[in-house]
Amino acid sequence: MSDSAPTPATTPSQIEQDGLRYLAITWGDGVRQRFEVRALRLACGCAECVDEWSGAGRLDPEQVPEDVHPLQIEGVGRYAIQISWSDGHSSGIYPFRRLRDIGDGTE
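Mapping to my numbering: the sequence shown position 44 is 971, numbers consecutive.
The set of hints was computed from the structure by calculation and includes no laboratory data.
Keep in mind that this is a model prediction, so the values were computed, not measured.
A couple of the hints might just be wrong.
Claimed, not checked - Derived CB-CB ranges, DEER-like:
(1) Asp945 <-> Gln1009: 33 to 43 Å
(2) Thr938 <-> Gln990: 28 to 38 Å
(3) Gln990 <-> Ala932: 15 to 25 Å
(4) Gly982 <-> Gln1009: 32 to 42 Å
(5) Gly955 <-> Pro992: 14 to 24 Å
(6) Glu943 <-> Leu969: 28 to 38 Å
(7) Pro988 <-> Arg1025: 17 to 27 Å
(8) Asp987 <-> Ser1011: 13 to 23 Å
(9) Gly957 <-> Ala983: 16 to 26 Å
(10) Pro933 <-> Asp994: 25 to 35 Å
(11) Thr934 <-> Pro988: 28 to 38 Å
(12) Gln990 <-> Ile1029: 18 to 28 Å
Glycine is no exception: its CB is placed at the ideal position from the N, C-alpha and C atoms.
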């Protein structure tokens, strides 16, 4: 199987807002992870937030409001989500494999 092929561990069965500050993803293997939404915004890997050549961060955390939150979440193919944020940012794509790796705990 290809390393990039979807697996139950990297295929969400449910994505939902969990209170005001968290996004929760339940994966196909039954694991549920929560993501603090501001931390997720700060983890954006798009070219606007991370230098494409050096990998250095361009996003100033001081410029991201403490109360930033998702306005809309859309699927990107079968491999990622794209989040439109309340601070106007919407170009970041969050691949499911990366989300599974950065989840801040399981339930």
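_Consistency of beta-carbon spacing, Gln1009 to Gly982, with hint 32 to 42 Å_ = violated (21 Å)
*So the hint says 25 to 35 Å: do the beta-carbon atoms of Pro933 and Asp994 match that?*
At roughly 33 Å between Cβ atoms, Asp994 and Pro933 fall inside 25 to 35 Å, so the hint holds.
*Do Gly955 and Pro992 keep their Cβ atoms within the hinted range of 14 to 24 Å?*
Between Gly955 and Pro992, where Cβ atoms are some 33 Å apart, the hint is violated.
*asked:* Taking the Cβ atom of Gln990 and the Cβ atom of Ala932, is their distance within the range 15 to 25 Å?
replied: violated (37 Å)
*asked:* Between the beta carbons of Asp987 and Ser1011, is the distance compatible with 13 to 23 Å?
replied: Holds, at about 20 Å.
*Cβ-Cβ distance between Pro988 and Arg1025: within 17 to 27 Å?*
Holds, at about 19 Å.
*Does the Cβ distance between Thr934 and Pro988 fall inside 28 to 38 Å?*
Since Thr934 and Pro988 have Cβ atoms about 33 Å apart, the given range 28 to 38 Å holds.
_Just to be sure I understand the hint, the distance between the Cβ atoms of Asp945 and Gln1009 should be within 33 to 43 Å; is that true here?_
violated (19 Å)
*Look at the Cβ atoms of Thr938 and Gln990 and judge whether their distance stays inside 28 to 38 Å.*
holds (33 Å)
*Evaluate the given range 16 to 26 Å for the C-beta pair formed by Gly957 and Ala983.*
About 37 Å separates the Cβ atoms of Gly957 and Ala983, which means 16 to 26 Å is violated.
*For the range 28 to 38 Å, tell me whether the beta carbons of Glu943 and Leu969 fit it or not.*
Violated - the Cβ-Cβ distance for Glu943 and Leu969, about 21 Å, lies outside 28 to 38 Å.
*Could one say that the CB atoms of Gln990 and Ile1029 fall in the range 18 to 28 Å?*
21 Å Cβ-Cβ, so the 18 to 28 Å window holds.
Checked against the numbered hints above, the structure breaks hints 1, 3, 4, 5, 6, 9 and satisfies the rest.
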